[in-house]
Amino acid sequence: MSTFRTCDITGFKVDNTTEKLFRLNAVFAVVSLLIAALGAILLVFTRWQDFHVLSSPWYYRIIGLHGVNALVFWIVFFEIAGLYFGSTVVLNSRFCAPKLGWLSFILMATGFILTDVMILSGNADVTMTSYVPLKAHPLYYLGIILFAVGALIGVGLFFGNIALAKKEGKVGKTLPLFTYALMAAAIIAVLTLLSGALVYVPTFLWSLGLVESIDPAWYRLVWWGFGHSAQQINVCAMVGIWYLSVRLVLGGSSINEKVSRVAFLFYILFISIASAHHLLVDPAVSSTWKVWNTSYAMYLAVLASMIHAFAVPSSMEAAQRRLGHNKGLFDWLIKLPWGNPAFSSITLAIIGFGFIGGITGVIYGMEQTNIIVHNTLAIVGHFKGTVVIGTTLTFMGITYYLVPLMFRRKIVAFKLAKIQPWMFFFGIALLAIGMIALGMFGIPRRHYDIAFTGGPFTYDFNLVSGFIWVLFGLGGVLSFLSMLIWILIVVVSVFFGPRVNGPQDMQLAIAAPLGEERTPHKRKYEAPGTLVLTIIFLVTFLVFYFLNWKWLAAIWEIQ
Amino acid sequence: MSLEAPPSGWIHKKIARDEKGWIIAATVVCIAMFFWMILWHVYGKQNPSSVTYYTTPEEFTTLTNSFIEQNQIGEDNGIPVVMPKPESDVFLLAQMWRWSSVIVLKKDEWYKFHISSKDVMHGFSVQPINMNFMVFPNYDYVLDFKPNKTGEYMVVCNEFCGIGHHLMIGKIVVIEDESELANYGY
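Chains as they are written, first to last, in our numbering: chain A, 1 to 559; chain S, 560 to 745.
Chain S extracted, bound-state conformation (with noise of 0.2 Å):
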């Protein structure tokens, strides 16, 4: 009883069939999703990374600024385009309330990006596929890439980053011939 002590003997009370039976089911099904995970990392294709460095927004820069110098092939509304090789690693820098740089990848290929903040934390959320993922200052979230349509996705900031948050869009161009970009104006 809710407002009174329960019968004495309750604890002896045998679990009853159908009670029995949904608290086994219930049982398997979360066992199952438990090694579903487990089992997505060795058979699915979309798993977050566990690799991270230590940075510094210095350091990032930096790091970001040389990449941005040696891969860069134009501009768009002021921020530089820029197309790395595949295979090769990308530094995208988050700050208020702007993405680094626009970046071309080629469709089937990997690269291996490495996503820091300047200064708050920030939300990498690219669309329409709709992935998300997070942006902290001071720690290097390394996440390989392979995408697998070609098409224009813009990159949303989705981690509130201050009263400019709304104004922080950035964009991914996936080509499979460099005789696209000039559809997207590179």
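Pulled out of the complex, with its shape left as it was, chain A reads as follows (with noise of 0.2 Å):
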């Protein structure tokens, strides 16, 4: 029978299997992006080539280091210990099959080790997407697959805590809109999962020579269904925490979960055919499947991040208005709690994600403006975008409560805490920033060398370029430092950090929740402030849009 400790700062009934899984997971997922990190100051001091610091078999070996343990097992590692602590602690629930979470637990942590094993000893040098006929060792694809299977037992487990919850009345007909948001994760994580078992399996049965060949096209289709998919998995969790930190913070929530839960739904209906958007300069595949699905039918998924897009901010709104800030459009904005680093970071994370990674992620993803950014750094800049600034900062961000809540420690330099996810958000948007506009001038990603030493002619791209790449550089070192201080922080908080004996230990405020509004149709407007802001984001993007279109008329005619 599982043992609980009641939280005294939350009240809620933490159970121990819970606990012991979540604390190894999340620390498992900040040793990958310390990896991750380490990887990427490297990297980015190759490709600024006034440095050019590794040679040219390390960097490839490094980009595949990097991509695997940045995208893959520092943001899924952390996911799962997302997913434990949402279907128990938040529902005041036990965990339904310890035994298998430490299954689930030794499998991911075996896969991680040996796939970073393999990719250092040289055994891998295919960077992360692998595409065949490239090969690597076998153990190679064992570890990733090993790494999957664990992630699929640990979603397994979320269900499976969900519907204990649910027999044991824990929780009534409706999740709390978290749960919910990771409810939406875990199925697409479903999905996700088994697309790579498809993938991956049969690649590794080649790696044997048990299967004759692997066709190109299907490999890049089906690894897309992982590879793209994870992200929207990112997604789901994010705007889940995103909305979580409005709740803790402000006390506030959506200000009508009905349309936020619907786009939650949107996100398991329509984005898993958004991988389709990694094919479209691709042979094989037609154009009027790339329009139907690059578009997620419609745009439906797009829609749903629209939908969030207002409802997030506008629940700040509202409940910073209730709480008494009324005043004009943008009281309510100036007077949240910048100075609390989790709040700070989700900010800058929304932020970032619409404006970075949303808007270039849309242009980028349509049919015909793809031939100008396929494998450029641009597509570098905009996921830079969307996974670093957005999912990676909202993660970091997150752990400024669970670092007092789950390990029962206090952070530590609280004051560099504060400042970290700002230098973290400049940092990463001015990389990306610079990656996209070395994009546009051709500049190809995953290159050592764009000036082609050896090759039989040489190419200078855009001068301008060169001022860029000092940008590039300048905002690889400004987030690499930002993110050891986040991880130095972390590190020493959870080990030798004074333990927290009770809410007055609590660092950052934890809100009362507002509840329902006595009077909650009188107000033509809820969110006057938001809508405004919306308003610009959509302008910003129909510039850019229009803008990439102009670009794309001037080329050579294609068809």
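Since the hints were made in silico from the structure, they are not lab data. Some clues are possibly wrong.
Listed next, the in silico BS3-like pairs over lysine-lysine satisfying Cα-Cα at most 25 Å (straight line) [unchecked claim]:
id, chain 1, residue 1, chain 2, residue 2
1, A, 550, S, 604
2, A, 550, S, 705
3, A, 135, S, 677
4, S, 572, A, 173
5, S, 573, A, 550
6, A, 524, S, 572
7, S, 572, A, 258
8, S, 604, S, 665
9, A, 524, S, 677
10, S, 708, A, 550
11, A, 13, A, 135
12, A, 418, A, 524
13, A, 258, S, 579
14, S, 573, A, 173
15, A, 258, S, 677
16, S, 604, S, 573
17, A, 327, A, 173
18, S, 705, A, 524
19, S, 666, S, 604
20, S, 604, A, 327
21, A, 99, A, 335
Stretch by stretch, here's where chain S covers chain A in the computed footprint (C-beta under 8 Å, at least three residues) [to be verified]:
id, stretch
22, 18 to 25
23, 85 to 92
24, 164 to 170
25, 195 to 208
26, 255 to 263
27, 361 to 367
28, 492 to 501
Where a beta carbon is used, it is the ideal one built from N, C-alpha and C, also for glycine.
Hints are included, so try docking the two chains, each in its own frame, into the full complex.
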């Protein structure tokens, strides 16, 4: 029978197994992130060719190492920890099958170590995407498979936990919004991990010589069913945390939960076909197929993000107005708790995700405009906006709550923690915008030497790009330092920080829920400030949209 | 509430006027973007082709070699230079880590490119116009191009294709008149 402790800060009952597994998965997440960050700084100073620190084999090797640790291990370890938290602690419920929880963790940890060892030993110089017929050592594919199977078990345990909580009467008819968002993430995770199995198992057999060949077009199609859908798990988890943080920091919630929940439903229904936008300039798939799928069936999944783009800030605005910051359009915005590192992380993540990741994502993901960005650095700039500022900064931010609540330690160097999110935001923003600009000059991603030294011809990319490389480098240094600061704060806090003995030791506020408003429908506008902000966003989007089509129209005719 | 179940009646709460307005605006933009892509196929001049044939590295190598034999006009750094006729088929083979030929095209004329790979995946990236397509082994990607400006274009590989990826660079030259060939040393 499981044992609980009752949290003296939140009042939640915390299952012992959940706490242990949560801690282990979170620690491994941070280790993966450290590996990814060390890789990142080496890559920045190699691509910035004034330094060119790595040799070419090591550059391509580290590209793979950075990618797989940042995009797979860090995020999935963190998400499994989050899924356990959301399906037990938040519901005051217990962990359904502790032994399977351990099995999941052992498989994931083994897969993680095996994969990284294979990459670092030079047995998997295929980069993260490992497009066939490039071939890695069988143990590399096996590592990924073990990790994915472990993660799939973890996702299954999430469903088990929810079912158990239902059975034992811990949840009523409706899940809390945060857990609901995780449910959406978990459903997409099942689809993602099954695609992963579908592509990695035959590839593993092929690397062993048991399967003769793998069709490259088929590989790309199914691999992206894994690779892109994995990012949609992040989106759901991330948006769930955005709502969670509004609740923790301000006590507020979505001004209309029905709207927010429908948006999550749209993600589940439509986003799985999004992986098509990786195949827009591929042979083997037709334009009809591309247009329908890349638009996620007429952009219904983009619509979901647009809905959250209003729903999340408006939940802050509505809460602030009820707390008394009701003057004018933006008083609520100015008076937000910007000094709370969890809150500033999340708010900056929203801005970066929308303005950098979202805008570029939608435009670059259109069938024709993809021609002028595919495989250039602009693509990397796009996903620095979504995955790094969006997901990673969100996960880093919420950790400032999880350290005291789940590790029961105070955050050391709290003043430094307050500036860390801002450093990270400006660093990655500079890096991402630099990459987007470089990509527009045609500079390829994953490329060791854009002067082509030793090739039959040489080429000079636009000279203006020299200045942009400096911005790129500065952004890289700033975000790397901020990342180190975050890792140091978290590691020192967790292992050596002063213990948390009660609410008096909590450095971050936890607000009481504001509850339902008494007169909910009286005002004409619930969030006028948010409406103005979203209109600014839409105008920015449209400007960039038409610019890209104009650039496209200037190139050769293609049909 | 994100940590608590929502208060009863949440499902019947009316959507606020500003939120409703935003959702309508966003939906309109989304639908418009969908039709924009389709309309660009009708009115726009840059559309990826839907034509692909199965091939094999052996077959495509043979096709490329005979294409080079028929159209070769010289050599540039050991790479054959070809000048195919307008409206004709052009075969370009990518392999670790070279493009099969330097191609001379005429401005404002259509060419039917066939692009495939002998080994792994490559990226066909034409600079400085920044036009990018994927190259697969076993697939012949058929793309019609009509260059709109004269000059020298570089063909960069922008899909990781192994350890010499950054050495893979080719060339396309666009001329208006054959007298310009001398400017490029052909």
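A quick look at each hint next to the structure:
{"no.": "1", "hint": "A:550 x S:604", "in the structure": "12 Å, holds"}
{"no.": "2", "hint": "A:550 x S:705", "in the structure": "18 Å, holds"}
{"no.": "3", "hint": "A:135 x S:677", "in the structure": "15 Å, holds"}
{"no.": "4", "hint": "S:572 x A:173", "in the structure": "17 Å, holds"}
{"no.": "5", "hint": "S:573 x A:550", "in the structure": "41 Å, violated"}
{"no.": "6", "hint": "A:524 x S:572", "in the structure": "14 Å, holds"}
{"no.": "7", "hint": "S:572 x A:258", "in the structure": "8 Å, holds"}
{"no.": "8", "hint": "S:604 x S:665", "in the structure": "18 Å, holds"}
{"no.": "9", "hint": "A:524 x S:677", "in the structure": "65 Å, violated"}
{"no.": "10", "hint": "S:708 x A:550", "in the structure": "17 Å, holds"}
{"no.": "11", "hint": "A:13 x A:135", "in the structure": "49 Å, violated"}
{"no.": "12", "hint": "A:418 x A:524", "in the structure": "37 Å, violated"}
{"no.": "13", "hint": "A:258 x S:579", "in the structure": "12 Å, holds"}
{"no.": "14", "hint": "S:573 x A:173", "in the structure": "21 Å, holds"}
{"no.": "15", "hint": "A:258 x S:677", "in the structure": "54 Å, violated"}
{"no.": "16", "hint": "S:604 x S:573", "in the structure": "46 Å, violated"}
{"no.": "17", "hint": "A:327 x A:173", "in the structure": "38 Å, violated"}
{"no.": "18", "hint": "S:705 x A:524", "in the structure": "55 Å, violated"}
{"no.": "19", "hint": "S:666 x S:604", "in the structure": "16 Å, holds"}
{"no.": "20", "hint": "S:604 x A:327", "in the structure": "51 Å, violated"}
{"no.": "21", "hint": "A:99 x A:335", "in the structure": "47 Å, violated"}
{"no.": "22", "hint": "18 to 25", "in the structure": "violated (count 0)"}
{"no.": "23", "hint": "85 to 92", "in the structure": "violated (count 1)"}
{"no.": "24", "hint": "164 to 170", "in the structure": "violated (count 0)"}
{"no.": "25", "hint": "195 to 208", "in the structure": "violated (count 0)"}
{"no.": "26", "hint": "255 to 263", "in the structure": "holds (count 5)"}
{"no.": "27", "hint": "361 to 367", "in the structure": "holds (count 3)"}
{"no.": "28", "hint": "492 to 501", "in the structure": "violated (count 0)"}
In the structure shown, a violation is registered for the earlier hints numbered 5, 9, 11, 12, 15, 16, 17, 18, 20, 21, 22, 23, 24, 25, 28, in ascending order.
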